[in-house]
Amino acid sequence: MKKIFTHIFLSHLWKKSIIAAGYVFALATTILTFLSIDKVLNSINHDTVQFRVLILLSLLFISVLIAFLFLFREERSNHKLYSKEKTSINVKFDDMTKYITNNYNSMPYTVVIPINNHLEYIADKNKIRPNSMHGYWLDQMLRSGFSKEEIEKKVLGSIKTNNKSVCKIGDYCYIKGIVNVNYLLVATCELNNSLQPSCSEKQYFAGIQSMIDAISHKCNIQEKVYIPVIGGGYASMNKSNQELLEILSKVLHFNTHKLQLDINVIVYSKLRDEIHITNLL
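When you number the sequence shown by the working numbering, it's gap-free, plus one each residue, and the end is 1132.
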């Protein structure tokens, strides 16, 4: 496992240690209400200042240990970045493909699907990587009974672009009600002459901001939204998944004033040893 004792982690550890110490010392005080510490120390012949200091340090150590275990557990599961009124932003380890599925029994939710800018390939299984989010979404649409032509019509009929063959980074379409799931397709990379995806830093920020603007305008208040780590697949960003996640988290946090939703950034579970979500601000 990579180093976790970063400045941010230690800052979180300090804050949670203070909270844990409050509970630990409250419990110790409650016990001492019924049990005299003097009698206990006298019975074991250790009624000294040094031993009392040792007890105090032990309580502090227990507080830090509890805080560390809590943070470690959080590191392995989920982390709340922001919560206020109707808005929450969470980062958690999971599998995005479980949300690209039929949703019969739950409230509708939105799944963000990064796509490339070549719309003529939007429903072409021979041009889309099968293990990409776009590939999983295309398979789900086909399983739901839509033909290639119907998928193309849905996308081209709603995407915000003047060009029906190639769109620009940040263009998007919002498809509602596919077996109770809404899909937000956002162009976050372009294809070169060899059909390899790429994305510059400028394009990356434009794509993320466009995605956030679309979410704020298209989704219902307090709707659950699931977002993968944009650029973490085949976009050739030349940045680590940790760096991409940090950028995405900061841009989301910057836009909290326009979001009244339950935002969930999904980090692939197999990246637990590569990505540390409690390091996020």
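Just to be clear, a hint being listed does not mean it is correct.
Taking lysine-lysine and the DSS-like style, the derived pairs with C-alpha atoms no more than 25 angstroms apart in a straight line are [what the hints assert, rightly or not]:
id, residue 1, residue 2
1, Lys-943, Lys-1090
2, Lys-976, Lys-1015
3, Lys-1090, Lys-937
4, Lys-1015, Lys-978
5, Lys-949, Lys-1015
Calculated from the structure, these hints are not laboratory results.
Evaluation of the provided hints:
no. : hint               : verdict
1   : Lys-943 - Lys-1090 : holds, 20 angstroms
2   : Lys-976 - Lys-1015 : holds, 19 angstroms
3   : Lys-1090 - Lys-937 : violated, 32 angstroms
4   : Lys-1015 - Lys-978 : holds, 17 angstroms
5   : Lys-949 - Lys-1015 : violated, 30 angstroms
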